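S.K.: One-letter residues, chain by chain:
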Amino acid sequence: MNILVCIKQVPDTTIIKIDPETNRLMREGVPAIVSPFDAYALEAAARIKDQDKDTRIYILTMGPPQAIDALRECLSVGGDKAFLVSDRVCGGADTLATGYTLACAKEKIEESEGIKFDMIMFGKQAIDGDTAQVGPQTAEDLDLPQVTYGWEVWPNGEGKVKVKKELEDGFEWLEMNTPCVVTITKPDYEPRFPTIKSKMAARKAEIPVLSAADCNIDPERAGLKGSPTKVKKSFTPPRKEGGLRIKEETPEESAKKLYDLLRDKGII
Amino acid sequence: MLQSSYEPQSKDLWVFIETKNGKARNVGLELLNPGRRLAAIQGGKTVGLVIGYNCDEAVKEAFAYGADKVIVMDNEVYDHYSTDAYTAAIVHAVEKNCPYSMLMGASPLGRDLGPRVAGRLKTGLTADCTSLDIDEETGRIAWTRPAFGGNLMATILCPFTFPQLGTCRPGVNKKLEPDFSRTGEIEKDDYAFPADQIRIKVLETIAEEGEKVDLEGAEIIVSGGRGLGGPEGFVTTIKPLADALGGVVGSSRAAVDAGWIAHSHQVGQTGKTVGPKLYVACGISGAIQHLAGMGSSDFIVCINKDPEAPIFGVADLGVIGNLYDVCPALTKLILADKD
Numbered sequence: 005m006n007i008l009v010c011i012k013q014v015p016d017t018t019i020i021k022i023d024p025e026t027n028r029l030m031r032e033g034v035p036a037i038v039s040p041f042d043a044y045a046l047e048a049a050a051r052i053k054d055q056d057k058d059t060r061i062y063i064l065t066m067g068p069p070q071a072i073d074a075l076r077e078c079l080s081v082g083g084d085k086a087f088l089v090s091d092r093v094c095g096g097a098d099t100l101a102t103g104y105t106l107a108c109a110k111e112k113i114e115e116s117e118g119i120k121f122d123m124i125m126f127g128k129q130a131i132d133g134d135t136a137q138v139g140p141q142t143a144e145d146l147d148l149p150q151v152t153y154g155w156e157v158w159p160n161g162e163g164k165v166k167v168k169k170e171l172e173d174g175f176e177w178l179e180m181n182t183p184c185v186v187t188i189t190k191p192d193y194e195p196r197f198p199t200i201k202s203k204m205a206a207r208k209a210e211i212p213v214l215s216a217a218d219c220n221i222d223p224e225r226a227g228l229k230g231s232p233t234k235v236k237k238s239f240t241p242p243r244k245e246g247g248l249r250i251k252e253e254t255p256e257e258s259a260k261k262l263y264d265l266l267r268d269k270g271i272i
Numbered sequence: 002m003l004q005s006s007y008e009p010q011s012k013d014l015w016v017f018i019e020t021k022n023g024k025a026r027n028v029g030l031e032l033l034n035p036g037r038r039l040a041a042i043q044g045g046k047t048v049g050l051v052i053g054y055n056c057d058e059a060v061k062e063a064f065a066y067g068a069d070k071v072i073v074m075d076n077e078v079y080d081h082y083s084t085d086a087y088t089a090a091i092v093h094a095v096e097k098n099c100p101y102s103m104l105m106g107a108s109p110l111g112r113d114l115g116p117r118v119a120g121r122l123k124t125g126l127t128a129d130c131t132s133l134d135i136d137e138e139t140g141r142i143a144w145t146r147p148a149f150g151g152n153l154m155a156t157i158l159c160p161f162t163f164p165q166l167g168t169c170r171p172g173v174n175k176k177l178e179p180d181f182s183r184t185g186e187i188e189k190d191d192y193a194f195p196a197d198q199i200r201i202k203v204l205e206t207i208a209e210e211g212e213k214v215d216l217e218g219a220e221i222i223v224s225g226g227r228g229l230g231g232p233e234g235f236v237t238t239i240k241p242l243a244d245a246l247g248g249v250v251g252s253s254r255a256a257v258d259a260g261w262i263a264h265s266h267q268v269g270q271t272g273k274t275v276g277p278k279l280y281v282a283c284g285i286s287g288a289i290q291h292l293a294g295m296g297s298s299d300f301i302v303c304i305n306k307d308p309e310a311p312i313f314g315v316a317d318l319g320v321i322g323n324l325y326d327v328c329p330a331l332t333k334l335i336l337a338d339k340d
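Just so you know, the protein sequences line up as chains A and B, in that order. The first sequence begins at 5 in the numbering used here and counts up by one. The second sequence begins at 2 in the numbering used here and counts up by one.
If you are wondering where the hints come from, they were derived from the structure by calculation, not from laboratory data. You may find that some hints are simply not true.
Unchecked claim - A short list of chain B residues far from chain A (calculated; beta carbon distances all over 12 angstroms):
#1 Lys-12
#2 Gly-23
#3 Arg-38
#4 Glu-58
#5 Lys-61
#6 Glu-77
#7 His-81
#8 His-93
#9 Lys-97
#10 Phe-149
#11 Leu-153
#12 Glu-217
Stated by the list, open to error - Coverage of chain A stretches by chain B, computed from C-beta distances (three or more under 8 angstroms per stretch; other residues unrestricted):
#13 99-109
#14 142-150
#15 166-173
#16 212-222
#17 231-240
What the hints assert, rightly or not - Chain B residues, not near chain A, derived (Cβ > 12 angstroms throughout):
#18 Leu-3
#19 Glu-8
#20 Gly-44
#21 Asn-55
#22 Asp-69
#23 Glu-96
#24 Cys-99
#25 Ala-119
#26 Asp-129
#27 Phe-181
#28 Gly-185
#29 Asp-190
#30 Thr-206
#31 Thr-271
#32 Lys-333
Since the structure is predicted, the reported quantities are computational estimates derived from the model, not experimental observations. For every residue, glycine included, the Cβ atom is placed at its ideal position computed from N, Cα and C.
The following block holds chain B by itself, in its conformation from the complex (with noise of 0.2 angstroms):
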């Protein structure tokens, strides 16, 4: 028989705010916005979870971009994250506080966490979240995510338990316009997990070699695919016209698995989900699993050759040219224009 461990005392809608140096992470910020929405159907406060060391800075963000109150775990032992640590504050502020659902964010660090979190609280977790609404029905959350690598979307209920929990990749949602004179409720958390009972060790770390590429944070992004026909495209065409746009360079899995350039750079399903102002496809035919990872786009642009490609079922503008003539062309245009 499923049931919960408590009956929530109000509607209120937590937000998992993941920070890194005592900042917030876009992802938590960015889940505020449907956060309040919700909560606002709901009537429930909206409630940042910061869990951190030194994360002053992380509290005042979760206000400014929308908190109506902030728990906050300042602690050592969560300055590195992991998962014995963290799985234990979140389910001890959950049972002490019973909140009625919880967000959060569909980062590495998310899927390790929301998992561990929902299995010790014996209640349902719904990941990588594209949509969410009340059920009319039942009232609570409806969790609207995509399967089989967007080829079925479907909405999920968590009708019997608490909290209602779920995840969003970065980039699906957009922070609200911050507010930095925004202050509210503060919790302190004292609850420290016994450093000594963390199960891992770190032995080494080695940082990524060259450019770190940030797809989930940019505005714009520029992306290569099967179409170049090799790895001297990225050089010679993708980078300068992702240059000349101030973006960044991304790929499709099937130029990630010909080796043409790193899996750091890679849009998808099993790559990164990312949500720019503008995204430019070339070269790229647009299978489901590429169309996952950048459908939340604001304004989707593709070059192809081939005016059959599905890329042009999801693109606002679509041209049908070869990349090597078009994108130079463009890049010249803009950096023309910007002299």
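Chain A with its partners taken away, still in its complex shape (with noise of 0.2 angstroms):
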């Protein structure tokens, strides 16, 4: 099996800095994840190739160079070979523009490497802008099925996969052929930590930079001439004082007051 797992690398969330002119975010300069669900997307891919040694997985990202960062800490945890698609055409890219580069570059790394990708992995959503579109528009510009919120996939049988989806009251196992797209939530397991070896290995691995023109990319329905949404502002939200403080002489006291105040104000 031929796995892409599509990840992006996301600022701290408790660093921000925007760029007043654009509205974006200035990434360069804030310290670099791993977008956590994505590494949950990595770790159920690597765990089909734990079970069949024929399973290549492949590495994707649309980033700025410093992203190169995420996709070697992706390589020391199962990945074989990484791709960065780096280009200013690309930046500032919404979720539709980021879905149509991704295929292309999808495209672009199956004509490079003489392969056909069966299955198409993203984490539910970036931690950072937390829309979880990115997985169902790629899928949507490849034309492919999808699942979302999986907790493992698994082939099964020739030319399909299974996946236990989560649901608001359960869980269904769900099939479909490949080629197909699954986005992955926070399974009932964790990601497995890099060996010294492998680290090393990614340490010297070699990830070629795609521009956009190697993907064929149409810089119109890229970056952020190929946004259909515009961020108009980005704001702190305003910090909040809060309330009334309670801390009575004891604790029963404390409840007491506080239970007057919530029966007063007919909360309870």
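Both chains come to you apart, so use the hints to assemble them.
M.R.: Here it is in structure tokens:
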């Protein structure tokens, strides 16, 4: 099986800088991590590879040059080869433009590697944008079936996969023909750690950087230009001081004061 | 060049009414509230788009909770949700009727469906909106949403294409008072996606074990966090208080990650978004990601030993104290009064 895992390098969410001109995040200079749900997606793929050595896992990201560090991290925990799509033309992309870009890159990788992907995996949502849109929009661009909120994926006979999908009140096992798209949410298992050996190999790995032209990307459909949504403004939410604080002599008195106040306000 | 396949003939605002077993789910009904407000400003009708099977009940509910008109697609192929059938159905209805905008619930179904619809229509979708307004400059909808786990708010526009799409999480909006005598124009759309073209097969359904946790529908939630120190706290302290108040037990991510309680109880950016009448946070520090999940609560109480905990910043009433002393005392007072 050939699996493409799309990841995103995201800024540490406790430190934010915004470019006042474009209202877009300035990603340089802010500590970065592989978005956690993407790490779960990679782990799900790595588990397939544990069981079938013929599985190859490719990692793809669209991002600025430093996203290459996130790719190396992924190579150290199961990825076989990684690609970075990085181009000014792709900058400022919303989810639709990102989905289009990743779809183009996927086709480029298939062509240059002489393979066809059976499955494309994503984390459910990136923890900076939180939209959960890129996976499904890439799937739509490629006209592939999708299952979202997956916990586990396994091959299920020739040309099929089965996915354990989280529902609001339980789970279902779903089957699709490949090629297909799966987005992964937090499962009941943790991603593996790299070994010293795998980290060293990742450090030395050659990671092709693809330009928009390499991927036959139409500049009208990528980046800010290709984004139907525009950020009008960003702002930090107003700091809230909070309401009344209660601290009586004893916890019982505090509880009584709380209780009385809640009753007075008709809340209980 | 960004452009839509159509030019809307009206400012009609659609609300996708998600159904289950023929009844409307709350998330869609909630959206009729901001929907009506926006449609009124723009001079359009509020139209409910009901998709399901045997869904006369859902149609009645859509009118009761604020729709002026309902478009209904009632067919067996829509009984069990599938990405393929629902995406095709919505795209068909949109291309036929050319609405100005559409709201959808950011339920798991909505998050699966919304981006596919937006992708197929090549239009803009803004997810998880916490407030909706009209942009003065363009007259279009201004979608405001949290990013970075709530550290940043962004106001987004969809300035060039139609329909303008947005989703809101369940509980962020409140349903209007229903009026079941309300009715209006019903347009039946017979489009039935061919069932044999659905590309997903259900192999097996596994119902959740134990009690179903309905956080999104709860009026009162009592949540526990890292301050509990262990799983027993949920049993000895949090649940009794929740039961006394007639509420549901929630949790912060820390307690779920520690294995003290199931993920189905998790409130927060990567858990559920809730908007109860009363939210009681016990031993929860109030990380931004948790606040993103419960910030829409009508009234917030916190109980925490640490007066510097960020949760005090959003709490209407904050008790500085040990939850293991305060909560049982509060539970006792509530139960005593009941007798």
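S.K.: Against this structure, judge whether each hint is valid.
M.R.: Now the hints, each set against the structure:
1. With a cut of 12 angstroms on Cβ distances, Lys-12/B stays outside the contact zone with chain A, its closest approach being about 19 angstroms.
2. Distance check on Gly-23/B: its Cβ is at least 18 angstroms (rounded) from any Cβ of chain A, clearing the 12 angstroms threshold; non-interface status holds.
3. For Arg-38/B, the condition that its CB be more than 12 angstroms from all CB atoms of chain A holds, with the nearest at approximately 19 angstroms.
4. No Cβ of chain A approaches the Cβ of Glu-58/B within 12 angstroms, the least distance being about 20 angstroms, so the stated non-interface status holds.
5. No Cβ of chain A approaches the Cβ of Lys-61/B within 12 angstroms, the least distance being about 24 angstroms, so the stated non-interface status holds.
6. The non-interface label for Glu-77/B is consistent with chain A: the shortest C-beta to C-beta separation is roughly 19 angstroms, beyond 12 angstroms.
7. Not every Cβ of chain A is farther than 12 angstroms from the Cβ of His-81/B; the closest lies at roughly 10 angstroms, contradicting the non-interface assignment.
8. Distance to chain A confirms His-93/B as a non-interface residue, since its nearest Cβ pair spans about 15 angstroms, more than 12 angstroms.
9. With a least beta-carbon separation of about 20 angstroms from chain A, Lys-97/B lies farther than 12 angstroms from that chain, consistent with its non-interface assignment.
10. The claim that Phe-149/B is not at the interface with chain A is violated, since a C-beta of that chain comes within 12 angstroms of its own (minimum 5 angstroms).
11. Listed as a non-interface residue, Leu-153/B fails to keep its Cβ farther than 12 angstroms from every Cβ of chain A; the least gap is roughly 6 angstroms.
12. The Cβ of Glu-217/B sits about 9 angstroms from the closest Cβ of chain A, inside the 12 angstroms cut-off, so the non-interface label is violated.
13. With 3 residues bearing a CB less than 8 angstroms from a CB of chain B, the region 99-109 of chain A meets the requirement of three and the coverage assertion stands.
14. Check result for the region 142-150 of chain A against chain B: holds, 5 residues qualifying (beta carbon to beta carbon below 8 angstroms, three or more required).
15. Counting residues of the region 166-173 of chain A whose beta carbon lies closer than 8 angstroms to any beta carbon of chain B gives 5, which meets the minimum of three for the stated coverage.
16. Counting residues of the region 212-222 of chain A whose CB falls under 8 angstroms from any CB of chain B gives 0; the rule of at least 3 is not met.
17. Counting residues of the region 231-240 of chain A whose beta-carbon sits less than 8 angstroms from any beta-carbon of chain B gives 10, enough to reach three: the coverage restraint holds.
18. The claim that Leu-3/B lies off the interface is violated: its Cβ sits roughly 5 angstroms from the closest Cβ of chain A, which falls inside the 12 angstroms cut-off.
19. Every C-beta of chain A lies more than 12 angstroms from that of Glu-8/B, the closest at about 15 angstroms, which supports listing it as non-interface.
20. The claim that Gly-44/B lies off the interface holds: its Cβ sits roughly 22 angstroms from the closest Cβ of chain A, which is beyond the 12 angstroms cut-off.
21. Here Asn-55/B stays apart from chain A, with its beta-carbon at least about 21 angstroms from theirs, past the 12 angstroms limit.
22. Every CB of chain A lies more than 12 angstroms from the CB of Asp-69/B, the least distance being 27 angstroms, so the non-interface label holds.
23. Its beta-carbon lying about 15 angstroms from the closest one in chain A, Glu-96/B satisfies the requirement of being farther than 12 angstroms from that chain.
24. No beta-carbon of chain A comes within 12 angstroms of the beta-carbon of Cys-99/B; the shortest separation is about 16 angstroms.
25. Against chain A, the non-interface label of Ala-119/B is violated: not every CB pair exceeds 12 angstroms, the least being about 7 angstroms.
26. Separation of Asp-129/B from chain A is inadequate, the least Cβ-Cβ distance of about 6 angstroms not exceeding the 12 angstroms criterion.
27. With a least beta-carbon separation of about 26 angstroms from chain A, Phe-181/B lies farther than 12 angstroms from that chain, consistent with its non-interface assignment.
28. Against chain A, the non-interface label of Gly-185/B holds: every CB pair exceeds 12 angstroms, the least being about 30 angstroms.
29. No Cβ of chain A comes within 12 angstroms of the Cβ of Asp-190/B; the nearest lies about 22 angstroms off, and the non-interface call holds.
30. Listed as outside the interface, Thr-206/B is inconsistent with that label: its C-beta sits roughly 5 angstroms from the nearest C-beta of chain A, within the 12 angstroms cut-off.
31. Not every C-beta of chain A lies more than 12 angstroms from that of Thr-271/B, the closest at about 7 angstroms, which undercuts listing it as non-interface.
32. Not every CB of chain A is more than 12 angstroms from the CB of Lys-333/B (nearest about 8 angstroms), against its label as outside the interface.
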